[in-house]
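Undergrad: Since the structure of chain A is already known, use the hints to place chain B on it.
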Amino acid sequence: MSLTHDIIKEKLTAQFGDKLIAWEESYGMLAVTVQNDFNLKVLTFLNDDAQLGFKFMTDLTGVHYPDRKGEEIAVVYHLHNLVENVRMRVKVYAPIEKPDVYTATGLFSGANWMERETYDFYGVNFIGHPDLRRVLNVDEMDYFPLRKEFPLEDQTRIDKDDEMFGR
Amino acid sequence: MLEQVNIDLPEGSIEKQTTRLNLGPTHPATHGVFQNILEMDGERIIKAESTVGYIHRAFEKIAERRPLYQITTLTDRLNYCSSPLNNMGWHLTCEKLLNVTTPKRVDYLRVIIMELSRISDHLICNSIVGVDAGAYTGFLYVMQYRELIYEIYEEICGSRLTTNMGRVGGFERNFNQTAFTKIEKFLAEFPEVWKEFENLFTRNRIFVERTRGTGAISADRALNYGFTGPNLRAAGIDYDVRVHSPYSSYEDFDFIIPVGTTGDNYDRFQVRNEEIWQSLSIIRQAYQKVQEFKGAEAEVFHADAPEYYLPAKADVYTKMEALIYHFKIVMGEIEMPVGEVYNSIEGGNGELGFYLISDGGRTPYRLHFRRPCFIYYQAYAEIVKDTMLSDAIITMSSLNLIAGEMDA
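Protein chains in written order, with the numbering used here: chain A, 1 to 167; chain B, 168 to 575.
Looking at chain A on its own, in the form it has when it is part of the complex (with noise of 0.2 angstroms):
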């Protein structure tokens, strides 16, 4: 029998029943959302169902919402059944100024840099993460950049006056 949505939907809900906040489906992928301190839970629980078998983590990354208040931050993880070739999206949403995340990589080592590159770049602290560190950008830096207060500089602007790069 083949592993259809409302099978995953079942299944999570049976298990979970209020933990799991939202569902959506966009471009026929499957998303739950799920509450904060429940992601490895959920996570773990996909992964040794022997039904939903979701054993390979395909990729783990934030998102910055900065006008939802209290759920700032964004975790996703995109997970995969690669028997029956089901993929399925899990989020949970933290607050930025305590955006604390249980760690996955005791399920996926391949969860390691990633949860790194995430703290890098959106300041999660991935709880239990064996050695939380920056990954690609330098150590030394204080903030965390791809947070939507951090913009790019205006294509338009005028006040540069520099000869060979100036606009």
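A portion of the hints provided could be inaccurate.
As the list claims (entries may be wrong) - Straight-line C-alpha distance at most 25 angstroms; calculated DSS-like pairs for lysine-lysine:
{"hint": "1", "chain 1": "B", "residue 1": "Lys271", "chain 2": "B", "residue 2": "Lys456"}
{"hint": "2", "chain 1": "B", "residue 1": "Lys271", "chain 2": "B", "residue 2": "Lys461"}
{"hint": "3", "chain 1": "A", "residue 1": "Lys91", "chain 2": "A", "residue 2": "Lys41"}
{"hint": "4", "chain 1": "B", "residue 1": "Lys228", "chain 2": "A", "residue 2": "Lys148"}
{"hint": "5", "chain 1": "B", "residue 1": "Lys480", "chain 2": "B", "residue 2": "Lys183"}
{"hint": "6", "chain 1": "B", "residue 1": "Lys480", "chain 2": "B", "residue 2": "Lys456"}
{"hint": "7", "chain 1": "B", "residue 1": "Lys495", "chain 2": "B", "residue 2": "Lys263"}
{"hint": "8", "chain 1": "A", "residue 1": "Lys91", "chain 2": "B", "residue 2": "Lys352"}
{"hint": "9", "chain 1": "A", "residue 1": "Lys19", "chain 2": "A", "residue 2": "Lys41"}
{"hint": "10", "chain 1": "B", "residue 1": "Lys552", "chain 2": "B", "residue 2": "Lys214"}
{"hint": "11", "chain 1": "A", "residue 1": "Lys69", "chain 2": "B", "residue 2": "Lys228"}
{"hint": "12", "chain 1": "A", "residue 1": "Lys69", "chain 2": "A", "residue 2": "Lys11"}
{"hint": "13", "chain 1": "A", "residue 1": "Lys91", "chain 2": "B", "residue 2": "Lys480"}
{"hint": "14", "chain 1": "B", "residue 1": "Lys228", "chain 2": "A", "residue 2": "Lys98"}
{"hint": "15", "chain 1": "B", "residue 1": "Lys352", "chain 2": "B", "residue 2": "Lys271"}
Source of the hints: derived by calculation from the structure; they are not laboratory data. Bear in mind the structure is a predicted one, so any value in this text is a computation, not a measurement.
TA: Chain B only, in chain A's frame:
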């Protein structure tokens, strides 16, 4: 950081203390700015620590202010050994978001280009493995065929390395006759050369002893580390995005996915070799299919999507609508539909994914590249533990680490 000095000397070690060795960031054997701090017991590595992050270019941030067509140039610079693959992957992602369907001929032309760049990617990787095992000849010999592939790119888009090839919806122009002639030339000449290259290596005693059993990773660990592409298939898992979720009409082609068993350097080399043969067969099939289009059908090189595909210059000067679309596209004033899309293609090194979040604006709200290199490089420390230094070098080249793909 490695703080402890003289840590954990293995039993039976004749050394009194360990040596710390900096392999890289610029070292002739590392083919890129990779730094590895190795803790050595004689010539044996007892601990490795990899760092990455010398060329971070903030592509994901820059992409947040660019219209879709300007992001293609950023994708060029991910895996620069196979830029057209990245370009096509990006266009496919945009098309998925914008609900554009491409005609079959465009799909087949894309398949030709994607498989050519897969060949050029694997060709570099395998010949570099040869170089690191001490055989320079193969590398120089097959290089002329990468040159031919680059000439084909040149005919199609005008550039060679960072190609910026194609547009959302298709190609910027139809392939010219020279391009087809060069593809024919490639199909005619390359197999013989590649056969010779294989003969140099696959049963070569020195090469086999250097590569077999070194740098191995089990299927289980590879999956857990998020390996994809040839490196995962060498460990014995037949996951290939082209087959699992076909894109660009890959379902119309007949090919096999080669898999290895041990996941060592030799298997990775062999998997890439066989993939080159499969790619050649796919190109042949696609070329055949492209030649079957006659008359007006043979002139189709883009989708009918005027809102997203830049109109022909002659139309811009003579037609009102074309002028409007031209202006809107060039000025980046195309509003995207709201949504989140994840799309992936089988890149040279594995699953190259694009996670694009659109809030309905003119630029992506967030764009994340799933870069296979970055994800599997973290396994390097585990793979080279308890191996010899010279094996570590050859493992690095057979994993095909591309600096551009590690950092975004």
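Undergrad: Each hint should be assessed against the structure and marked as holding or not.
TA: Verification of the hints:
1. Taking the CA atoms of B/Lys271 and B/Lys456, the gap is near 9 angstroms; set against the 25 angstroms cutoff, the hint holds.
2. Distance hint between B/Lys271 and B/Lys461 is fulfilled; the C-alpha atoms sit about 13 angstroms from each other, no more than 25 angstroms.
3. Under the criterion of a C-alpha separation no larger than 25 angstroms, the hint pairing A/Lys91 with A/Lys41 is consistent with the structure, at around 13 angstroms.
4. Restraint check for B/Lys228 and A/Lys148: satisfied, since their Cα atoms lie roughly 9 angstroms apart, inside the 25 angstroms limit.
5. The straight-line distance between the Cα atoms of B/Lys480 and B/Lys183 is roughly 74 angstroms, outside the 25 angstroms bound, and the hint therefore fails.
6. A distance of roughly 29 angstroms separates the Cα atoms of B/Lys480 and B/Lys456; the hinted pair therefore is violated under the 25 angstroms criterion.
7. Pair hint B/Lys495 plus B/Lys263 holds up; C-alpha atoms about 20 angstroms apart against a cutoff of 25 angstroms.
8. Taking the CA atoms of A/Lys91 and B/Lys352, the gap is near 50 angstroms; set against the 25 angstroms cutoff, the hint is violated.
9. At most 25 angstroms may separate the alpha-carbon atoms for a hinted pair to count; A/Lys19 and A/Lys41 meet this at roughly 10 angstroms.
10. For the hint pairing B/Lys552 with B/Lys214, the CA-to-CA distance comes to about 6 angstroms; that is within 25 angstroms, so the pair holds.
11. Using a Cα cut-off of 25 angstroms, the hinted pair A/Lys69 and B/Lys228 holds, with the two alpha carbons roughly 22 angstroms apart.
12. Taking the CA atoms of A/Lys69 and A/Lys11, the gap is near 30 angstroms; set against the 25 angstroms cutoff, the hint is violated.
13. Restraint check for A/Lys91 and B/Lys480: not satisfied, since their Cα atoms lie roughly 45 angstroms apart, outside the 25 angstroms limit.
14. At roughly 23 angstroms between alpha-carbon atoms, B/Lys228 and A/Lys98 fall within 25 angstroms of each other, so this suggested pair holds.
15. Using a Cα cut-off of 25 angstroms, the hinted pair B/Lys352 and B/Lys271 holds, with the two alpha carbons roughly 24 angstroms apart.
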